[in-house]
Amino acid sequence: MRIGVFICHCGSNIAGTVDCAGVAQRAAAYPDVVYSTDIMYACAEPGQDAVIAAVKEHGLTGVVVASCTPRMHEPTFRKAVERAGINRYMFEMANIREHVSWIGKDVEANTNKAAELVRMAAAKLRLNRELKPKSFPVTKRVLVIGGGVAGIQAALDAADAGLEVVMVEKQPTIGGKMAKLDKTFPTVDCSSCILGPRMVDVAQHPNITLYAYSELEEVSGYVGNFDVKIRKKATYVNWDKCTGCGLCTEKCPSKKSYDRFNEGVGPTTAILIPFPQAIPKKASIERDYCRLFNQGKCGVCAKVCPTGAIDYAMQDEIVEVKVGGIVAATGYDLVDWTVYGEYGAGRYPDVVTSLQYERMLSASGPTGGHIKRPSDGKEPKDVVFIQCVASRDPSIGRPYCSGFCCMYTAKQAILTKDHIPDSQSYVFYMDIRSPGKGYDEFTRRVQEEYGARYVRGRVSMIYPKGGKLVVRGADTLMGGQVEVEADLVVLAVGGEAAAGSPALAEKLRISYDGYGFFMEGHPKLKPVETNTAGVFLAGACQGLKDIPSSVAQGSAAAAKAIGLLSRNMLDSDPQIAFVSVNRCVGCRKCIEVCPFKAIREIDMRGQPKAEVIETVCQGCGLCNATCPQGAIQLSHFTDNQILAEVEALCRF
Amino acid sequence: MSIQDELKSAIMAALPDLSCVIGWGPGPEPLRAAPLFIRGEADLEGFTAGFLSVNNPALYLPSLKGSKVGIVAKGCDARSVGQLVTETLIKREEVHVIGYPCGGVIDVDKVAAGLADACEPGEVGALREDGDDVVLDTPKGEVRLAKKDVTADKCGRCTFPNAENADVFVGIRRAPAAAEDTYADIAEFEARGTEELKAFWEKEMSRCIRCYACRNACPLCVCRDHCIAASREPHWVSQADDVPDKLFFQVIHAVHLSGRCTGCGECERACPLGIPVLKLKRALSRRVENLFGYKAGIGTETPPLLTFAIEESTIKERDW
Amino acid sequence: MSVLEGKELRIVGFLCNWCSYGGADTAGVGRFTQPTDLRIIRVPCSGRINPLFVMKALIGGADGVLVSGCHPRDCHYAEGNYYARRRLEVLKGLLPVLGINPSRFEYTWVSASEGQRWQHVVETFTARIHALGPAQAFAGTTGPANHNRADAMVS
Amino acid sequence: METVCLNKSDDAFVKAVEAESGQRVSRCYQCGNCTAGCPMFFTFDYSVSRIMRLIQAGQKEQVLSSSAVWLCAGCETCTQRCPNEIDVAGVMDACRHIAGRERKFGARAVSAFFKAFMDSVRFNGRSHEVGTMALYMLYTGRVWTDVELAPKILPKGKMPLLPHRIAGRKEVAEIINRFNQGLSDPDLVRAGSATQGASAKEAVS
Amino acid sequence: MSRIDVGYFPGCSGLGTSMEYERSTRAVCRELGIGLREIPDWNCCGSTPAHSTDSALSAALASRVFAQGEKAGIGDMITPCPSCLKNLRVALEHMEDPLFSARVDALTERPLQMRHSIRSVLQILIEDVGPERIKARVRRSLKGLKVVPYYGCLMTRPEKIMRFDDPENPVALDRLLEALGAEVLAFPLKTDCCGGSFAIPARKVTPRLAGRILDMAGEVGADAVVVACPLCQMNLDLRQGQIRAGGVDRVLPVPYFTQLAAYAFGLPEQEAAFKKLVQDIQPAFACMSRRAADIEAEERKTAAAEAEKARLAAERAAKAAEKAAEKAGAKDAAPDGAGKKSAAAKKPREKADADGGEA
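Chains as they are written, first to last, in our numbering: chain A, 88 to 739; chain B, 4 to 323; chain C, 71 to 225; chain D, 50 to 254; chain E, -10 to 348.
If you are wondering where the hints come from, they were derived from the structure by calculation, not from laboratory data.
Hints may contain errors.
[As the list claims (entries may be wrong)] If the Cβ cut is set under 7 Å, some of the chain B residues that face chain C in the computed set are:
no., residue
1, Gly144
2, Leu148
3, Trp204
[As the list claims (entries may be wrong)] The following label-pair restraints were derived from C-beta to C-beta distances:
no., chain 1, residue 1, chain 2, residue 2, range
4, A, Asp423, E, Ala281, 52 to 58 Å
5, D, Ala240, C, Pro204, 29 to 35 Å
6, A, Met127, D, Arg239, 49 to 55 Å
7, B, Ala187, E, Arg152, 55 to 61 Å
[Unchecked claim] These stretches of chain B come out as covered by chain A in the derived footprint (C-beta under 8 Å, 3 or more residues):
no., stretch
8, 90 to 98
9, 223 to 231
10, 235 to 249
In this text, all values refer to a predicted model and were calculated from it rather than measured experimentally.
Just so it is clear, CB atoms sit at the ideal spot from N, CA and C, and this is done for glycine as well.
Model the full assembly from the supplied sequences, consistent with the hints where possible.
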């Protein structure tokens, strides 16, 4: 083999702490290396061209690039060597940036380590074989998990592009958190006026199938051909018959159900349509509150339903769908703020969350758009907003900034003034974070035009006194302690990954961070991809974000799915297992362990042998590690290739 | 009727349905019985089952797959059969197991030690059991040795003297020599410390002649002609006569047998240089037993390394 | 392997591509300083790691071997790390009997987001290996056969 | 007000406070929660969060001469509610330790009261309320302190005029003496205090 | 009743200003089967002045207390005073660090040998005895007494050191007072600071901080502020005159929880020691008696109504059962009517048993 080695400086990223020329010099002496050089930016066009030129000039048959992580640029360089006429798998990378130059400053040690990593890469490359992908057909349908604004955007874009879309929503209606908002910042336009029509579009789009009140049960298969099982939870109402007339909700005698949509601001009925603009506008029964289910007697809804849609015997149903791509858009939940004993831990009715306040502001909400104190229904005059509740708080494991609270608090302060002109708002904040078009201007307006008093400091304690709430805070700019007697306290509660996010990530085989947010493929370059091909991310499930960003990401995820499924055939990854039949003794151990059932037993002249089903194999290599005689090997990660790396490191 | 005779009639009764029955017959020396392949009554001449029935006849079963075979089995042989069946390396319906109560087998090296200067074990004319003793005819007259002193180590810790999975069992079941295998030998060995053990293996492996008798005697080695120790594709070890390479072969064998080894001890017994290679396998068996409660060759559950539990109650992962 | 004598020891890391290699990348991106001793071999999944690779490295002269994969339930291939966990846990029982200090080998789980955890793991493990000092070769090697063998594989 | 020259931050002071308290003051992001909840704020010259900021900035003089560090009641409210889990009360305590060593007493009455209390303990092995008050009045000259309470409490028989002296009061006094001799100095102890401690003890006796 | 034996560290104020706490604690513990073994020749923990001077000095004084405990073979101890408790617990926590421990030993020259633990009297009553057993010991219920529990700042803080109850909204004292029969009012300033020992050197502290607490107690309608800390008690009780001068005009008795327990257990005044309080508690008890009478009258009324309702329901059920039995009788020869009857008959007897147990 004729190997060429290219040591990338990555500007000063690598060259700052690695003697790249020195590494190149040492690499020249490695077996089969016929050409070795250092290079400023290997990934840039001149860099790639230099690699191609060197291949041609020196008749290289294999290339090692020592630069950043292969998780970043392996595909880039594979394409480059392919342009040079070499099979893309006759290429290896040594990660001398993330694993060397960025984690230590000792130039001598770094240079030595970089040279060793190159030696390992070259040793492996000598055993690489040309691999060629096979192609397989794809299912031109995309699954969107979550019907919030990000999911809606992704679904509509994909459907408009001609893809079939299956949307799964956990709640009985789509709309997500945005549907609960009264207005949106910084335009203060009506949330349901802009979201509502989009929700209707979802319902009416011929390419979209909506499964509301449903959850993802199971995912198997791979990019292009996922097999998905969806659990349609029992609503006890036959939605084919339900017309959404709402008669049942009027007559339901159980009137103390927790109102999920309205965040518990006021009770609701056990059978309900979450809100007037709900999509689908269908009734469902909350079993926990239904008299029939709990006391065995009632049946009022069944009696009044004009279409006979009530079905108390309804069971969960599993629907199976085949899709080519998946968009996860599961959004966020508010952190459980009742961990704050100093804010009353939920004991004081007039301490509400920002989302509860939205419902109080909303004309279609339980108070009809009138701001009323939960305790006595009176209109509050002094309203205190506390920001960073459960955000930027390492003590409760939520050290991150939720990102949207500063803006919605400003909006809520404005709306408070609109609703109650003689009210006074006080906003306790730590920093105002308003980087967005028109955002900072908005936070100035609320102070300058609406007279909200912004106080820079956290609140230490809230306690009731004489029908008011005493808010003990600090004004660090003034340098001291402040107190406000408030009629109502609104907590700008931060967000966290939606409940069940880790479990969903495990089903989708994608990664999630320590807080349960899904991991993007690359923080800069693959913001909507994941490490699992064919699974994309949209909205707050990837990290908290506001509506414009969620919508943008929804479109981006849709674009990725559309791009993927625009092709009729996809190339399979050739890094899969293969069996050398003469070594195989048919012991079946590989078949036993394969997580994908990708190996089957065949009969070869009376002898049992293993055979890899190439389209099913995912290339984990578990079989390879299991086979005692090494008869089954993982292409590109064979025993010999890994041993060559080990031995490059061994001294005895 | 003696056990021997009962076994013979059991063999004859089963033989019509079988291509052969594997037992033990006369070996090259009076103290060493050899495997005997019985296809007819005539082959029963010299059949023996007892103190000299050292070899594990299960060794031959995988290569005879495809036809129904009978074997006369000690408890430990039967465990090998059980494990082969569990791993589907043989089919249970293709084996006819004839069990008998085993009272332990000879360790010829111990006899040699007992004989001391009297003679070499190969010069012994005959062996006779007499109560708790064995009596050996040697050129220098009779030598009497305590039977327990010339019995294989594994028999002293045997928990499975009877082939419990036998199709036919002859005789009365024996009580096991030990209630459970405590692996005291391994604990003791391990207690010698890594430095001493490293030197131990350096010395032992320097004597290894790479004859692979250990592997060839192992009834659970599935690789046979495709051992990775003699391959370039994949190429795990060189053919050099180096200690690390030879030791690595033992590691390969031990790792391949982890969670599978029934402890029949044939590897160690077969070693012409008396290298205690069973120690490595028993160290792994101890670990597997402690972690997963798994004893190979007893029961039919999947070997622990070919399966998993999502929550491993016994694996305490290091908390960094 | 050639390490800086007196400064570094030979530590081989086997990391799964999806979680731990990514975690090591994340540590790099975060500039989480680490000792330089470790050399990482990337494999698709911890389930790909034959315990014999670990043994090969240890007998071949590595002073320490560190395996890291995805956390349980988070395997990119759903189950690979579960098998790895059993196999590597069992392997720990072989080392002391063989005359190798079992502290020279460790396995753990690091996800792609856990850059800081990776730093901590590398620091801790490297410190542990330095406390043990360099491993002693098994005496009885006739020559530097290994690199010849690598050549043999190629030919 | 004076312009603070940031180049002249006393980094050694920052390190000293961190070592004494075991806290990392850089974790403080100045949210003001400590100040917000501080019951003693109204007696302070600098608020708690200002003290934290001054420590971060290495403003040793201002911190050590402040009354705030002496007036902190140690109620732990700031520690309890600090979002960054800083033991703020511990930092205040540490500042008091350092100030005391440097003989800086930003609130004379408080340090005099502490001294009176400790003296009472040194004499008796236990604190004696009447004795402590007497010493306090002596040290501060505030002879009328709480004198209006006397008619209320004396008839209750709760203020014994004589102290309860314990048998081991010498042992207690020894502890305080050894401390005053600097025998618990970390460097001394780290260097192997056994021998030094013994010889120092001989010197005392 | 199972006996508990535990070391006891009374704290200096128990010999002076908080002798009623000390006296009632001993009485209550005795009644609940807690054997208190006083640490022989114990010394002052050093309180705020010591820990304000140096952590090692503070821990050294604490260490001598533990060492004295060791002398008597005592490893586990309790103390009524939260301030002592905090100092002793902080010392134990810090001494986990070997260097710190060596510094302490350099001062005491008496290294500790045993494992030590220290908890509060309140904690042992709640955790080891429990509200149920306390309730069972009540002879004179505090029914009708409206109280607010005031824990002070140190009973549950710092959270990581004290490891007891909720640091923001503790409920141990609430549970205990409820067990005694009192009505516990929601009190938002349970853990607010009263000013502690700063009442002496900084005069303006108490009227403001203790005043805020008294004011809130009065506002929520309490008859008494129940405390568990000698310093809090002194600030709230003895200094009510100073507080009044500061503008908060509330007159409220401030008993220790152990005093109320002693009273509820029917112990004599000598042990409840209410006379040691500056603010008289008798008006509060008078209020309690009046309210108790009203409550009992109300309870009798509702009980009668309930009984009537139950009787009617039982009658209906019996009739329905009879009907069902008649129906079933055609098929089944042995209708089970007796079972119900016996169950109904059993009830009064159970009640009698319970009454007997009370008496």
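Going down the list of hints, with the structure as the test:
1. Interface restraint check: Gly144(B) against chain C, minimum CB-CB distance 43 Å, threshold 7 Å, status violated.
2. Here the hint on Leu148(B) is broken, as its CB sits about 31 Å from the closest CB of chain C, past 7 Å.
3. The interface hint given for Trp204(B) holds, since its Cβ lies 5 Å from the closest Cβ of chain C, which is under the 7 Å cut-off.
4. Judged by the Cβ atoms, the range 52 to 58 Å given for Asp423(A) and Ala281(E) is violated: they are separated by roughly 40 Å.
5. Here the CB-CB span from Ala240(D) to Pro204(C) is close to 33 Å, well matched to the stated 29 to 35 Å.
6. The hint said 49 to 55 Å for the Cβ distance between Met127(A) and Arg239(D), and at roughly 51 Å that hint holds.
7. Checked against the hint of 55 to 61 Å, the pair Ala187(B) and Arg152(E) fails, with Cβ atoms roughly 44 Å apart.
8. For a cut-off of 8 Å, the count of residues in the stretch 90 to 98 of chain B with a CB near a CB of chain A stands at 3, and the three-residue condition holds.
9. For the stretch 223 to 231 of chain B, the stated coverage by chain A is satisfied: 6 residues place a CB nearer than 8 Å to a CB of that chain, which reaches the threshold of 3.
10. Under a criterion of three residues with beta carbons nearer than 8 Å to beta carbons of chain A, the stated coverage of the stretch 235 to 249 of chain B is upheld, 5 such residues being counted.
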